[in-house]
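Given the coordinates of chain A, assemble chain B onto it according to the supplied hints.
Line by line, the protein sequences are chains A and B. For what it's worth, numbering that gives the first Met the number 0 labels the leading residue of the first sequence as 0, then goes sequentially. For what it's worth, numbering that gives the first Met the number 0 labels the leading residue of the second sequence as 0, then goes sequentially.
No wet-lab data here; the hints were simulated from the structure. A couple of the hints might just be wrong.
[Claimed, not checked] Using 25 Å as the maximum straight-line C-alpha spacing, the simulated BS3-like pairs for lysine-lysine come out as follows: (1) B/K6 - A/K594; (2) A/K598 - B/K6; (3) B/K6 - A/K722; (4) A/K598 - B/K23.
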Amino acid sequence: MRNYKTLSLLALLCWLTSHAFGQQIKGEIVDKNTHAPVAGASIVVTGAKGVTSDASGKFSFESQGAKFFTVSSIGFTTKRVTIMDPAKFYSIELEGSNQALDQVVVVGYGTQKKVDLTGSVAVVDVNKTFGSRPINDPTKALQGVVPGLTIQYGNGGLTSSADIKIRGIGSVNGQSRPLILVDNVQTDDLSIINPQDIESISVLKDAASASIYGARAAFGVVLIKTKTGRKNQRSTISYTDNFSWNTPTKLPDFANPVPELAGLSLAAKRAIITPETFGMNLDTLHDAVANWEKQYSKTNTGLEMIKGQDWDIRPDGKTYFYKVWDPKKMMLNKYTFSQLHNLSISGGSEKISYYISGGYSQDGGIFKLNPDQVKKYNITASVNAAVTDYLDVSIKTLYRNYQYDYPYQYQDYWYYFWRWGSYFPYGTYQGNYFRVNSAYLSQAHVNNLSDNYSRIDLGATLKITKKLNFRADYTIGRDNALRHESGGPITAWDFWTAGKLFLNNIASASSDVVQYTTGRAIVNTFNGYLTYQDAFADHHLKVIGGINSESDENINFFANKTGLLDPTQPELGLTYGNQGSGYTASSVPLGWSQKGHGKKAFAGYFGRINYDYKDKYLLELNGRYDGSSYFPPQNRWAFFGSVSAGYRIIEEDFMKFIKPTFSDLKIRGSYGELGNQDVTADGSNIYAAIMTPVSPTTMNWVGSNGQSVQSIAQPQAIARSLKWERIRTLDFGVDGRILNNHIGFSFDWYQRENVGMIQPTSVAATFGTGGPMVNSGNLRTRGYEISVDASYNIGKDLQVYGSIGFTDYKAVFTKWNNPNNSLATTQNYKGKTYGEIWGFETERYFTADDFNSDGSYKAGVASQKGLEATGNFHYGPGDVKYKDIDKSDGKDSISYGNFTLNNHGDLKVIGNSQPRYIYNARLGASWKGFDISVFLQGVGKRDFWGTGQTVIPLWQSIDILYANQLDYWTPDHTNARYPRLYPGNSGANIAGLQRGSNNFYPQTKYLLNLAYLRLKNLTVGYAFTNKLLTKYKIQKLRVYFSGENLATISNVGVPIDPEITDGFTTSGVSFTGRTYPFNKNYSVGAQLTF
Amino acid sequence: MGTACNKYIDTDNPDSLVDPTFWKNENNVRAYNWEFYNLFMGFGNGNSLNGDFYYPAFTDDQVPAGLTPFAKTAAPSDIDWTFSYIRKANIMLERIDNVPMADEAKNHWKGVARFFRGFQYFKLVQKFGDVPWYSHSLDISDSGQIYKLRDPHQMVMDSVLADINFAVDNLRIADQANTVNKYVALALKARLCLWEGTFRKYWKDKNMPDQDKWLQEAKDAASAIMTSGAYLLAASYQTAYNSNDLSTDKEMILFKRYEPTYLTHSLLSYLYSSTPIAGLSKSAVEAYLCTDGQPIGVSPLYQGDATQSDVNANRDKRMGITIDTTYYYYDGHSRNGLTASSGYRPIKFLPDSNTLKTIQTGISTNVTDAPLFWLAEVYLNYAEAAVELDKDGKYTLTQADLDNSINKLRDRAGVAHMTLAGPQDPGFTDPKKDPDADITSLIWEIRRERRIELMMDGFRFNDLLRWKKGPYLDYSVNPDAALGAKVPPSSKTNPDGYVMRYPAGSTRPFIDPKNYLTAVPTNQILLYPLDLQPKMQNPGW
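Just chain B, same shape as in the assembly:
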C-alpha cells in the first residue's frame, strides 16, 4: 500500500498521550519524572495518617495508644508490594535515548530513573527481604519473568548500589530547586550503604560478602556531602521538623514542601486532636544523655525520675524539644483536651509555643515542610559507618571523625562531646548497654546518638532490623518500651509507678526471623505456579 494511505489512517485521538510518541523533549521527561516524588511520604498527604514521621507503630521509642502486636498471619494484600515505580523507571530508561536532548541531559534523567528505581528497591528489600529484580519493563507474555522466584537480597542490593552509583555519577549538581540531584543521591547512598553494610555484618547467618565495602561506600558518600560545604547544620534541632518553609534551611538536602491548596498534611492536626497520642516510651526518654555526655545510669547529673523536673534536669536539649517537659499527658491526665499514651507527649513537630494560637488544627490544613534528606542524618551515617569499619579493623576512627559529625549535633543539643578514650571506647560503659559482645560501648553510644537525633523520624524499625535487634520491640524482653513516665500510682501504672498503657501482662512478642520482614501478600503468591508458591513466602509466615 502506498504511504499516502498508511499516513491517512495513521492517526490517534489527539486527546491522549501515547507511548512512545510522548517522548519528544526534556520537558516531557521531567513531567513524567515528577510522579516518582510520590515515593517520598514525608508527613503524609492530605488527611492520611501514614507519613514516615511519628506514625510507625513498631518501635521501642513510642507507645502506641492501642496495643499493636505483629500480624500473626500473612495479609492477602499489601499496597507496599508494588513494582509500579520500578516499571515506570524502566520504561523511562528504555525511552530516554530516543529523546532529542544532550547526552548530559540523557545521563541526568537516566540517573533520576535509576535513583528512584534504587530507592524503591531499597524500600522493598527493607520490607520484604528478597524481591524480584527487574531491570527492564516486561511484556505480559514474559510470564517466566513476571512469575520468577524472588532474587536474593544480596543480588538486589548489589543492583541498587549500581543504580545509586550511576545516579551519583550522572545527576546534575543542581537541576531545579529541591529536586533529586547529586547530593540527594549521595545522601541516599550513605543511608542505604550503611543499612546494607551493617545488615551484612550483623546477619551473619546470611553469609553475605562485602560488608566493609558497603560501609566504606557509606562513609565516603557521607564524607562527600560533609566536605562539599553545600550544607550547614541549622541552629536549632527543631527547625527541620516544624518550619513552614524549609527552602532556606541550609541543612536540607531534599525536603517535602507543603503549601495550602496544593499539598497539605494532617500531622499537626492529629497531634493537636483529642486522640491519645503515641507518647515516648520510658525506654526512649531514658536514652537521652545528661548534658555531660553521660547516660543517666552513669552521669552524676541525673536526678532520677521521681518528678518531671527531676527527669528534665541536666538533659540533652533535644528531649525538651521532642516531648512536652511541662506536663505529663496520660489517660485521666489530659490538659487542654490533649492527651498521650505514656505521659511524654511528643511536640517535636509542633510550631513553637509563640505561635500556638495560630496553629493549623484542621485536618488537611497543615503545611509544615518535611525533611527527607538532611545533614544531621548524614553525620550519623558517617559516624556509624566509621565506627563499624574501625571495629572491623578497616579504618581507624579518630576524634576528628566524631568532631566533624556527631559532636556537631551534640553542640546543638547542649551535650558534651563524645570523646574517644580508646578504640571503641567512649570512656564509660552504660549499664543499660546491650550485653551483645559485638556491640562495643562506642557503637552503643553512636547508635544512641542516632536514636536520639532521629527520634520519631521513621528510621528506628529499619535500624533494629539491620542490627538484628528485633527483640527490643518485644515488651517481655524490653518492658520499658511499653511504659511511660513515673506518675502517682494508680490502676494505670505498674507497681513501680510507671504509666502502663496496656493491661498488665500485655505483650508484643517478636518472633525471629518472622517479624523482621513483612509477609509477601498471599493473594499475590496464589497467582504463581504451584511449584513456586512455597518458595515465595518469607521465613516464619
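So here's chain A without its partners, still in its complex pose:
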C-alpha cells in the first residue's frame, strides 16, 4: 500500500507547495535507461513537503533544512537522495522498476502492487518482448514469453492463426482460449493491435485473478493496455522501423530423379501395379532422365523447354519429361521481405495528454509467381483531459486496415508443390506452362481480403472523494470484412490425359466463378466501476465494484456466380451462370456465427475486496454475478466467486534472519470456480434447442405448387440437466526476491479441474434423435510454473540481466462416459492423458530368417498377417516388425485386440501430442550504448503422428520420394531409415487409430519428435550517446540487428520445422508439412526519438 500512501501525500503536498520556504534545491530527473526526462515524479521531503517534476523532468523546492528527499514515480524504483550540497544541481537517474518491489501490475479493473498480488499473475516485459522484433502481430511476439501461456502456430503462413491457451487444454469443447482484453474490451484477434502501441500486458492465470471477468475468463485472461499520453510529459516524437528478410527454416529436399524413379519403380513392382506416372513408364523415364542429366544438364538452363531434349512425345503418344529442375528455386523465393514503420507522438501538459501513432507493415509471401502479401495500417489516437479537479475524460480511437492479397486457389499450391518430383515440367513450351502448379499460380487472379477494424472508446474518471472514484468506459468496435475472389481459365499444356498434348483451359468448371464474402461485426462494451481505498491504522482496504456489459452482433453473407463473361472483370453482374452454394465455415472470422447472423450479449456485476494487515496478511475476494447469452435461457445468470490470500512471511520478525538475503518472500494460495461458456466450435448455442431446416435434398415431397416443400426438423435434444462446465482452479505460489533485489523468483503449482465437462451421449434409437450433450466428463490439469529473473550492474556501465521460465502440465480425464473404454481417437476414457497417441512399438525390420521358404512366419516370430492392408502387401524381409508386447493372446501374432482399454493387443501409448516442459530463457546485457539480448525458447517433449507423403514415404502412391526418403531398405542396405518401399500406406485399417498401414501404422520409430530449442530472437543494438545528438534535439537514436529463429536444435525425424503440425487436409487426411514453412528472419531497424 506504499503506492497509496505516496499518492495521498502527493495530493496533500500539492496544497502546500506555495507555502514552501528555506533553501532552494534544484535538479532534473531522467530515466536511467533511456535518458528521457521523467515528468510528474514526486519529490518528497521528510516532514510532508514535496513537489512534482515538470514536463522536462526539472524540479525545485525549499529544503527547509531536510537531510534527504525521496524521488518516486510509477514504474521506477523510489530513490532516496541525501542533500549534500544545497547549491548542487541534482541529476537524478531513476531505474525502471520492472523487477523492483513496488512494481505495479495491471489486474482486472485496476492495478496492484506486485508484492501484494495473491493470485497468479504474470507480467510481460513489453519492451523486451516487442521492442526490436520484426513482428507486426503481438500474438507472435508473445510466443514462449510467459510460462503457462502457450501459443502455437501450425504453419508459418502470413495469415496463420494461433492456438492460444493458458495452462493448456481446459475442455474438449470449444477452444479453451483465454479471454483476451485490449483496454477492457474483448479482442479475439490481437492482430488488430500494433505491437508498438502496447503499454502493458498481464496474464491472469488462476481463477482468483480472472473471475472478475466471469464466464468468458474460465481459462484465464490476457490483459492488454495500450499506450496513452501522460500528463506533465515532454512531447516526444518517435519513429521506429524494421526491414526483415525471411527464409524458411527447414524444407525437405527434392531427390535426384534418377534414384528416386528407381525407388518408385521398385515400389510399383512390389505392389504389382503398372510402374508409371501420368503415362510415363518409370523405368523408361529413369533412363531418359539419366541421359538428360548426362547430355543436357549444362546446356539449356532456361525456362523454355526444348522438345526432343527436355521433353518429348514418345511414339506411343505418351508425353515424357526429362529435364530436372530445382523446384524450390522455380517456385519459391529464397528470401521474402517484410517491413515495419511506426511513428508515435505523445506528450502532456498539466491538464491534457495525448498519444498519436501510426503504423504500417508489409509482409511478402514465399511463392515466386503471384506471391501473397499482407499490408496493415494502424492508427491510434488518444486524448486525456482533466476537465475539473474531480473529472478526467478520455477518448481513444483505434483503426486498423488489413489487406491480404493472394492468388485464387485453383488447388492447394503446397500440396501440389510437394506432390511430384523435380522432373515434372516447371518450364514452358512455346511460352505456355504445362499443367502443373506454375501454370495455375502464374495466371491466377489476385484475390483479396480487406478488413477494416475501428474502435472508439469514451471514458471518464470521476473523483468523488479522495478515497472514492468512479471510472466509466464505453467502447464501440466495428469490423468490416470484404473478400473478393475470382477464378477464370488457365491455359496450359495438358498432358494428364495420356496419349495427346492439348493446349487447353485446365481450370475446372467450378473455378469459372466470382464470389464476394462480406461481413460486419459490431461490439459495444460498457465498463463502469467504483474504486474505494482506505486505511485504518495497519488495515488497508481497497474495494472495487462495477458493471460490465457487452453486446455483439455479426452478419456475414456470401454471393457467388459462375460463368465469367470477361474473366479480367470478375464482377457479379458480369456473369451468365448460376448463384453458387454457401460459404464454408473457414471464411468466417473467429467468434462469428457460421450461419450468417450471430448475436451475443454478456453482462456482469463484479466486485473485489483487497484487504491487508500491515502489508503482511493479504486477502482478496472476487465475485461476479455473470450473465451470458451463451448460457441456457432459463439459467443465464450465475455467481462465480474466488478467494485468494497471501502471507508476506518476510515481514515477520522471526524471518529477520533471512533479510540480508531476501528482500521479499511471500506465499500465496487461491481458489475459485468459473463457468465455461465456450463450448462450441462454431459459435452456436448448445443450450438452445435449435431446429434446423430440412435440407431440400432430403425433403421428398412436392407440394401443390409443384415444388419441394420446405420443412423444419424437430428440435435437437437438450438435456434438462445440461449446465455449463465448471472450471475450478486451485493455485499455490511463492514469490520472492533475493540478493538485494537482484534476483526474483516465482513458483506456482496449480490444479485446474473441468467438472461436468460436456460430452455428447450415445443413446438408443428409441430416444428419437441424437443423444444430447450432457455434463458427464471431468478433466483435470495439474502443472507448475517457475520464473526467475535477475539483473545486475557490474561496474558503472555494464548491466546484465536474464530470465528463465519453465512450465509443465498434463491434463487427465478423471471421468468420461465411454462404457466400452474404446480407444478410438474420437473417444476418451477415464484415466486418459489428453493428447496420448496409440501405436505399436517398432522392433526392427524383418529379415529373411524370420520366414520359412513358403513365406510363412517361422515359429516364434509373431505373425503380422492380420495387419496386411488391401493390395499386394505382404510382410517380408525389410518390412517393419512390430513388437509382440501382448503375449497373453497366446496367438503369437501382432494384434490390436478390439482397440479398447481392456483389450488393445500389442498397441500401447507411444507418445503424446501435447507440448511438455516448455521453457524460455532471456539473456541480455548493455554496455555504454551497446545492448544485446538473446531469447531462447523450447519445448522439452512433444510427439506427433504425422501423415502424408512428406513424412511417410509413399503414403499415397508412387508420387514422389524426397531426398531423405531414398534411405530405404534394400537387401544391400538393410540399415536404412525407411523400410522396403511399398506404395499406398494411408489406410485406416484399425478403426479409431490414427491413419497409417502396412509398414506405417502409428509406431515408435516414425513418431515425429517435435521437441526443440530455438534461438527465437537475437538482438544487438547500439544507442548513440546523448551528447552526439543534442545538436539535433534527438533524445535517442538506436540502431539494431534482430534475428528470429536463427538457430534451432531439433530432431523431428523428417526435414520439417518442429513447430509445423499443419498440412493440406483432404478427406480427413492431413498431409503434414505441405503448408507454409516457418521462417527465420534477419532484420535491421532503427529507433529514433525526438
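Then chain B, alone, in the frame of chain A:
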C-alpha cells in the same frame, strides 16, 4: 437483477430457429409438418431403389433376380428401427396448444401429428412386432423410459387406433390439395384396422381380444369413404401407376407427386435398364382369374400355359397391364436389351406403348406420380373386413357388399362379378385353395382379388404376415413362387419346362415365427441394461 439486464443478455443467433420460440403461428406448424411426408416412400426418391412398389423382395408374387434368403442372424443396425418421427410428432403435440390459432386449427394439426405417429407405429409394429410406445418426448435423464422393455403389439396398436380415431375426428375435410385430411385418415384407418383385425384373428396363440371390433372399424372406415362420394374409380387399372399427374385422378385419396428438378424417382429407369427385372412368379400369374370369374383350375376358358397366347387367353385384363404379354423375358431370352427373372416382365408402372419413345430412362429422371391411398384398396379392405366379420358371425355379407366394392374392380378388369352362392361361398372351390379350414372359398377369393389388384404394390408381405401365411414364401412349400413362365426346356428350366431362376435345389426356408418379424438391431439392444437385453429380441433371433 433488473429485467433490463435480463433482457440485455436474452438474445440468440438470429440465424437459428429455436424451440419453443419457433411455435409462433400456423404457417410454422405447417412447415414443421412437411417432414412427416418423408414417411411416404411411393416409388422411392431420386436414385434410390427402395420404394414401396415393385422393390420388396419377400413376396410370392415376384422372383427376385438373385436368390434372397431371409437373414440368418440379426443385423447390427436397421434404419427402420427409428423413433425420430415419433419424437417429432410428440413435440408437435406438446407445442400446438401454445401456438396462437383457432381451436379448429389446433385440433387439425394435432390430428396430423397423431396421424403420422399412428402411421409410423403401424409400420414399426408390422416390421418389429412389439415396440416401445411413447406418447411424449423424452429427456435424456428418462433412461427408464428410453430403455424400457418393448410394449406389446396389442397395447401399441390400441394406442395407434386412438391416434387414428382422433385424426379422423379432427382433421380437416380438406386442408391443402393432396395433404393428409379426414379421408386420408379414414383410408389409413381402414388399412390398419383390417391388418390388425385379421392379425388378432389369425395369430390365435397371441390371444388378443377385439378382433371383430377392429374388423368393424375397418369396414366402417372404408364404408365412410365409399359412401362419401368424394372419390371415383378411374377408368383404367393402370392410371394409378403410370401417370405423370395424379392430381385429377378421382380415385386418389393421397398420392406422391414427382416433378422434374424437385423430386424424381428411378423406378422406370430401373425397369428399362438391362438389369434382370424381378418378374412375376408362376404362382402370381396363375392367380389371375379367367374372364368368367373362375380360377384357372376351374374355368373352362383357361387354355393352359403351353404357349404365351394360351396363358393370355380369356384372362383378367389386369394381367396384361401388369406384365408384358407379348414376349417372355428371361435369361438368354431378352429383347431390346431388356430381360427379367421369370419370363413375365412387369410393365404395370411403365408409360403406355404409345409414349415408349419418350420414356424417362435416365436415373433420377422419372416423374410418374405414386399412389399412396386410393379407392381400389379401400374396396378391398371393405370386402375383406366384411367377409371376415361374416365368417365370425358378426355380420351378414350381402351381394351388395361385393357389388359396391370388389365387383367394381372386376368391372374395370373385365372379369365377371363375384357372386355369393351362399355364406362364405363363391359357388366354386379353387383346387389350389389353401387347405386351411379357416380359409373359406369366399375368403380365398377375396384374398385373391386383393393380391391381383395390388400386385407389386408393396402389400403382399404384410398381408401374409397378418394371415400368418409366411410359408407361402418358402420355395419348398410353394415352389411356384420361384418359378416363371413355361418355355422351351433348357438348363434354366425345371423338368416341367418352367423358368427356374435359381439353381435346382435352391430354397428360401421360412422359419416360423422368426421370419415374420425383423430382428431388433443388435447394436441397439447392447445399449440396454443387461437384464433387459434378453427380452428385447424377437422370437427366433
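Comparing the hints with the structure gives:
1. The straight-line distance between the Cα atoms of B/K6 and A/K594 is roughly 23 Å, inside the 25 Å bound, and the hint therefore holds.
2. Taken as a hint, the A/K598 and B/K6 pair is honoured in the structure, with Cα atoms around 13 Å apart against an allowance of 25 Å.
3. Taking the CA atoms of B/K6 and A/K722, the gap is near 20 Å; set against the 25 Å cutoff, the hint holds.
4. Of the pairs offered as hints, the one joining A/K598 and B/K23 holds, with about 21 Å between alpha carbons and a cut-off of 25 Å not exceeded.
Figure legend: structure checked against the earlier numbered hints; every hint is met.
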